[in-house]
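J.: Listed below are the residues making up each chain.
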Amino acid sequence: MSSQLGYARLYKPKVRLLWWLSRRSYLLFVLRELSSVFVAWTVVYLLLLVRAVSQGEAEYERFLHRAASPWLVVLNVVALAFVLFHAITFVNLTPQAMVLRVRGRRVPGRLLAVSLYLALFVVSAFLAWLVVG
Amino acid sequence: MPRRTVEPFVWLLFSGGGVAAALVLPVLLLLFGLALPLGWIGAPEYGHLLGVLRNPLTRLGLVAVCTLALVHWAHRFRYTLLDGLQLHRYDRAIVTACYGGALAGSVMAAYLLFIAV
Amino acid sequence: MPDQITLRVARYRPEQEEEPTFDEYDVPLRKDWVVLDGLNYIKDELDGTLSYRWSCRMGICGSCGATVNGEPKLTCATFLTAYAPGPVSIEPLANFPIIRDLVVELTDFMNKLGKVKPWLIREEEQPIEDGEYLQTPEQLDEYKQFSMCINCMLCYSACPVYGLDSNFLGPAAIALAQRYNFDSRDDGEHERLTVLSQPEGIWGCTYVGECSRACPKGVDPAGAIQRYKLTAAMAAVKSLLMPWGQR
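Chains as they are written, first to last, in our numbering: chain A, 1 to 133; chain B, 1001 to 1117; chain C, 2001 to 2247.
There may be inaccurate statements among the hints.
Partial selection, computed: residues in chain A whose CB lies under 7 Å from chain B [as the list claims (entries may be wrong)]:
| id | residue |
| --- | --- |
| 1 | 40 |
| 2 | 49 |
| 3 | 59 |
| 4 | 74 |
| 5 | 76 |
| 6 | 78 |
| 7 | 83 |
| 8 | 85 |
| 9 | 123 |
| 10 | 131 |
| 11 | 133 |
Quick caveat, the hints were computed from the structure, so don't treat them as lab data. Nothing here was measured: the structure is a model prediction, and the numbers come from that model. Note that CB positions come from ideal geometry on N, CA and C, so glycine has one too.
One chain only, chain A, in its complex shape:
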């Protein structure tokens, strides 16, 4: 096709369907995005747990028993890996995505990331204490 700019014929390359397999960084990006699927699974799983608890002690016990079945364990191991991958990439990207200022001075990126990991640890410890009692 002749463009109005007067060239003989511009060649317009098409993007391959599996463009994200062509580079390691693209693949890591897609895996990072897919971690959201396991975030959704975790929400669903936790809601199933809440439903079981709401239906009485026997149902709660049955839920925990079913959760120990091999396929579900495998799924939750994979899910946990991806949820952690989400948390780590989220924390590591925050300093690049957000410039924080305290009293006019810019907070160094590494300090921000360390603070977020600390928050993750504190929240996790608190929730664990809350659950286990």
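Got chain A; can you put chains B and C on it based on the hints?
T.: Then chains B and C, alone, in the frame of chain A:
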């Protein structure tokens, strides 16, 4: 003012969901997905767990986390399908399925945590 | 070290072929030679019909962008020895229409650059007698990084979103808008908001981050875009909650 798009607000929910998911979900999945079913630690007493769940702060907090995390999934998954599989022509259907799914999940969470428990 | 290296160079001669092909050339492998030296050797000694852009040969003009072994690079800043023993494949910058051989059509970026108004916008111009607009070193540091852009287009070449949808505003244009948004002398943030806060503007970006990885000048367009998402989102919330007092 730019022509009113909903994108900025969805993005804020998506970001909030990312934070909520990152801080809260790993430990909860570890505990309830692996540690308790596999007996790594003794299961909390049923009464204790029910008590924790019935606390209004827990109810509110969990509904908020679930809603935000589901919107986070919906937004991210939509773009993964659009860009990863080049499904732009099905955007309408994808939007309905993703954000609709998030809405359904959020309603379910609210029902379970405010009514059922 | 062998004394030669093979360059597989993409050719596209629209007057004689429908699609790009590859020609292979053996060029000297000198430890201080960059890919551009190889291309110049081809043009001078082997095949004068090869077409490609270059100018300063020192990484400041932004002309010599190409895809070297699958990655967007400045040919003047990429050493041949990094790819020894070769072969090295050299193709035009990805995501742009090809005019001939390694020369791509960049008018789309030129249009986008104009849209973000990359100049100082003032509410009120200071009278000449008052002298220059003064700026402290701290104020300069706010935007200096984003002013380093040489418009080389490596970021557009690396960006999969732009590859899939050429309506996307793109990394460099948004980074350059931010260069002015962060400039203390500028009052134009609100005008640029209209252009940037669109689905084909910042909201199309999915933070792949490849643009910042490809940038040879450390501009970090990915950071510029994510920071602006927060700014634009806050502006949207403010205009929703307090619709009066629009600038």
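J.: The structure should be examined with respect to each hint, and the outcome stated for every one.
T.: The hints, checked one at a time:
1. For residue 40(A), the shortest C-beta to C-beta distance to chain B is roughly 4 Å, which falls under 7 Å, so the interface hint holds.
2. A least Cβ separation of about 6 Å between residue 49(A) and chain B falls short of the 7 Å threshold, and the interface hint therefore holds.
3. At about 10 Å, the closest approach between the beta carbon of residue 59(A) and any beta carbon in chain B exceeds 7 Å, and the interface hint on this residue is violated.
4. A least Cβ separation of about 11 Å between residue 74(A) and chain B goes past the 7 Å threshold, and the interface hint is therefore violated.
5. Annotation: residue 76(A) was flagged as interfacial toward chain B, and the flag holds, the nearest CB pair being 4 Å apart, inside 7 Å.
6. Taken as an interface hint, residue 78(A) does not check out: its beta carbon lies about 10 Å from the nearest beta carbon of chain B, beyond 7 Å.
7. Against a cut-off of 7 Å between C-beta atoms, the interface hint on residue 83(A) holds, since the closest Cβ of chain B lies about 5 Å away.
8. A cut of 7 Å between beta carbons decides the hint on residue 85(A): the least distance to chain B is about 10 Å, and the hint is violated.
9. Among the interface hints, the one on residue 123(A) holds; its C-beta lies about 5 Å from the nearest C-beta in chain B, closer than the 7 Å criterion.
10. Against a cut-off of 7 Å between C-beta atoms, the interface hint on residue 131(A) holds, since the closest Cβ of chain B lies about 6 Å away.
11. For residue 133(A), the suggested interface contact is upheld, since its CB lies about 5 Å from the closest CB of chain B, less than 7 Å.
Violated hints, listed in ascending order, are 3, 4, 6 and 8; each of the other numbered hints is respected by the structure.
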